[in-house]
Amino acid sequence: MRYVGVATATGVVMSACTNTIVDPLAGPGGGSTAGARAGDLIELGSGDIGILNYAYALEQAELRFLELVNDRPYAGISQKERQVFLDLRNQEITHREFFKQVLGSYAIPTLTLDYSSVDFNSRRSVLETAKSFADLATAAYNGAGQLLTSATNLTISGNIVSVEARHASIIRELISPGSADFAGDDVIDPVSGLERALLPEQVVPQASRFIKEVLNTSTLPKPMA
Amino acid sequence: MNLQNIISEIEKVDGEVVDRLAHVSRRSMFNMIGRKAAAVAAPTVLASALNKAYGQAAGLNPDIIDVLNFALTLEYLEAEFYNVGLDMPGLITDSAARIAFTQIRKHENAHVAVLKSVLGSAAIAKPAFDFTAKGMFPDIFKNYQTYLTVSQAFEDTGVRAYKGQAPRLMSNDAILTAALQIHSVEARHAAKVRDLRGQKGWITGNQSPGIPPQVYAGDEAVKHLEISALLPGVPYENATEAWDEILTKEEILAIVKPFLA
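Residue numbers (the numbering used here), protein chains in the order written: chain A, 29 to 253; chain B, 18 to 278.
Hints are computed from structural coordinates only; laboratory data are not their basis. Just to be clear, a hint being listed does not mean it is correct.
[Stated by the list, open to error] Only pairs whose alpha carbons sit at most 27 Å apart, straight line, appear in this in silico DSSO-like list of lysine-lysine: (1) B:K274 <-> B:K133; (2) A:K159 <-> B:K123; (3) B:K266 <-> B:K133; (4) B:K266 <-> B:K123; (5) B:K143 <-> A:K159; (6) B:K159 <-> B:K217; (7) B:K123 <-> B:K217; (8) B:K217 <-> A:K108; (9) A:K108 <-> A:K159.
[Said to hold, decoys possible] Partial list, derived from the structure: chain B residues whose beta carbon lies under 8 Å from chain A: (10) S201; (11) A256; (12) L270.
Quick caveat: nothing in here was measured; it's all calculated off a predicted structure. Every residue, glycine too, gets a C-beta built ideally from N, C-alpha and C.
All chains should be built: construct the whole structure from the sequences, respecting the hints.
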């Protein structure tokens, strides 16, 4: 097994206590262009960098799926559905590229993604996968906010998460038009009105069915016990 | 703007926050909230866990109380808007729209209850509202299209409001997470209401028909931390849609002010 990742990231942690911003976002540019190989252990890193790499991994996975949907749209796709998937793909390109650039040399490699379990000829299969991704990404960002130490990074994840939630809402509307599923009781507690918040160790196993490398979440920040 | 300083400020105001929260297992609290079995108890669970940390809501640091009362003001506004709208004969007649607004109303009333339970005696009272916004929307409860327009404005404004305040909650993970869990629900609502209006679920550029321009001011941003979203193959519209921007508390209050009686 190869070990790939961000060996030096551990020492770079945002400090909330000084006026000096130790900014991983201004790290060396260029990013990692090297592709990983199936089976590699991907070290996400620690601190805010680890969380940003975790988000980068999810965005990579989501974007690849949307690229495939656009490349081979299912038979009978409606004009509206075509537009939605085009918008989603283009928007996710900006998310992925943001993380790649912001992480610079700390970025994990390009992941190997496998969507052979999705039937791209099936509207149902494609929409259900899209729904799972958007719901999962939203819950992931909701749970990751507390793990960040930098207000800047928290705001950035906030800029993105509501767009993921919009995607989830519209995809669910395409699946079940005219229903309450856009904000369904399966993802939003009907009594508290709070949406799911999932931690990395809950999210990664779900995303891993499409990711051929192994993401190591053990070095990521933990919520206070 | 130096957001790092805000955290420092919070730590100065509430330096013992970490010690006090050490006595509460927030992980178990989130697990409970996340589980279906605990659905009934969720607001109580949240409030009681937070009260364990602080003894009582009055023990929350002033900055957090300020943010939560700001959020409560918006939730009062939304909850009453849907409570009145759904009960108004002849306003929302389409059955699919009624299903949508009934779900949205359920969440907004729940958000009011959650925020009030966390704030306890520090919670502000519900203000009196003028949904015509001093005459800006005179037929608000008579014209479904007007109602949809204002609903979209409220939901998209709510998204920007929570997003903008999140950094001020960083000293308290439980409250920050709860705020984020509300934030994404507002975004789902916004997308659905936009869809009902025949708009895209996401915000293109910085305007939408019939909506006061302040609601989308600055939302056309395509640069974040100096990184441009204008990439090969990505049209400008998509680059703006991909990123929802914050509004400050002052900007939000300026939008809300006409709706206060």
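**Request:** Quick one: which hint numbers does this structure break? Sort them smallest to largest.
**Result:** Those not satisfied are hints 5 and 12.
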